[in-house]
Each structure stands twice: as structure tokens, then as C-alpha cells.
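S.K.: The residues making up each chain are set out below.
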Amino acid sequence: MHKASGAVHNRIALFRTERGLTRKALAELVDVNPQTIGFLERGDYSPSVELALTFARVFGVSVDALFSLDPFPSLADQLGAASPIDSEQS
Amino acid sequence: MTPFAPPRKPYRPLTRTTVRALSVLSIGGLWSWFLLKFLLPSASGVVELMVGLLALVAAVAAIPLMLSTYAFRANAPDGQIDEREVLERNRAYHHTLLYLLTGVLLAYIAIEARRFVPALSLPVVSNLLQVLFLTSIALPTALLAWRDRGEPDGE
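Which chain is which? The protein sequence lines are P and D, in order. Quick note: the first sequence uses this note's numbering, first residue 1, plus one each step. Quick note: the second sequence uses this note's numbering, first residue 1001, plus one each step.
Here chain P stands alone, though its shape is the one from the complex (with noise of 0.2 Å):
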């Protein structure tokens, strides 16, 4: 049996930040508790697969961008990684 660790991590907080939500007018979207969403994006509350499909469904994006059991590359590694400066360097 999976045990549930707690250890899903999400980029709610970015797609909300770059869709200029307030947490008040995302957790309305997805009705939930306002409070909800900061649980949700500090990681210290996993969504049920229908939460999560509702996210993806509100931001237009596939669950797997939102959410992974591994954390995320960090902005700037994958600019980083994507930067032709970079390569060029290397």
C-alpha cells in the first residue's frame, strides 16, 4: 500500500502569481476554503485526484504540470538549461 507522506509538490503558487489570482478568487474557482489554498501551496496538504483535475482544468494545464511526487527544477534551472547562451558556453 502507498503510504500517503504528504509529499506531492504543486506549482500552484506560480500559475496562481502569473494568472494574478488572489488566493481568495483561486480557492472561488476551485471551491475550496480559502485557507485551503495556502495549505496547498506551502505542500502541507496533498488534493484528491478530483481537487488536482479541477486546478488543472481552472489553469488550463495538464495535472502533470501542476503536480509531481518529485519536486520541481527551480526557475532558474530551467532557464538555465534552456538558455542558447549557455550551450553556446559549454
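Hints are supplied without guarantee of correctness; some may be wrong.
[As the list claims (entries may be wrong)] Only part of the chain D face toward chain P is listed, based on derived beta-carbon distances under 10 Å:
{"no.": "1", "residue": "R1073"}
{"no.": "2", "residue": "D1078"}
{"no.": "3", "residue": "I1081"}
{"no.": "4", "residue": "E1083"}
{"no.": "5", "residue": "R1084"}
{"no.": "6", "residue": "E1085"}
{"no.": "7", "residue": "L1087"}
{"no.": "8", "residue": "E1112"}
{"no.": "9", "residue": "R1149"}
[What the hints assert, rightly or not] Partner residues are not named here, just some residues of chain P that face chain D (Cβ under 10 Å, in silico):
{"no.": "10", "residue": "V8"}
{"no.": "11", "residue": "V30"}
{"no.": "12", "residue": "V32"}
{"no.": "13", "residue": "N33"}
{"no.": "14", "residue": "Y45"}
{"no.": "15", "residue": "E50"}
{"no.": "16", "residue": "L69"}
{"no.": "17", "residue": "D70"}
{"no.": "18", "residue": "Q78"}
No lab work stands behind these hints, which were simulated from the structure alone. Since we're looking at a predicted model, the values are computed, not measured. Glycine included, C-beta positions come from ideal geometry on N, C-alpha and C.
Start from chain P and add chain D according to the hints.
M.R.: Chain D alone, transformed into the frame defined by chain P:
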């Protein structure tokens, strides 16, 4: 996921600190009443009155406690709180059940121990059961308030 609905009347949005203080007054007051009544069985009139007042304070504090939004979250049907709140409520009730089972076990032990400890009279056991019953009503609300980390409702 379940639909989220804000608490309706008569529930009042009391602060976490207020609800914590009310829970200490009500649950702590009841246990203090029981212990003082047990330890001072033949107290004089004034002391008896003070001990009685403790129970009154506990009862009065329980009213706003049970009308707070924490009480709403502790007693709301699944459809009116979200899935995280359902999880927290279930945890609070699980710990309340453990508290109640421990208390009932203590009461049984007290009933059996009456043969050897005359101070454990039937009224004492009856008071213990009363305290257990009343505190178990308020305990889920108190646990929710004490476990709340004070996350603001918006930004």
C-alpha cells in the same frame, strides 16, 4: 472534493485566540470543577460556591465556543466544508474518540476501585461521566482551534 460554503448564522467568526481561550475556560473549567469537587468533598459554603461558579463559567464559555465558525467546521456536513476541512474534522473526532475511550476506561476503573477507595463514591463517578460527556462535545471545536495555524483568509 466537496463544495465549500461559508458558515451560516448563528455561527460567529471569532478569532483563533478567542476560541482557544473559550476552550480553555470551558474544558479546563469543567475538569477543574470535577477535580476540586473530588478533592474538597467537605468544603465550606464559600469554597463550595466558588467551585460551583467554576462550572458556571465553563458552561457560559461553552456557548460562544459552540457558536464559533470552528464549531461550524467541527459539526458541518461534508457538503459544506472542503476536503481538507473534512480531513481535519475527522482527525479531531478521532482524537476525541480516544479521549472518550480513555475517560470511560477510567470511569470503569473508578467504579471497580470503589471497593478499596471509599472516596470514589457514585456521585464522583457520575461527575466524571458528566465531565467526559460535556467536554467531548466541545473537544473537536477546541482541537480545530488549537491546530489552526492562523492562515489568513485571503491576501
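S.K.: Checking each numbered hint in turn, tell me which of them this model violates, lowest number first.
M.R.: 2, 8, 10, 16, 17, 18
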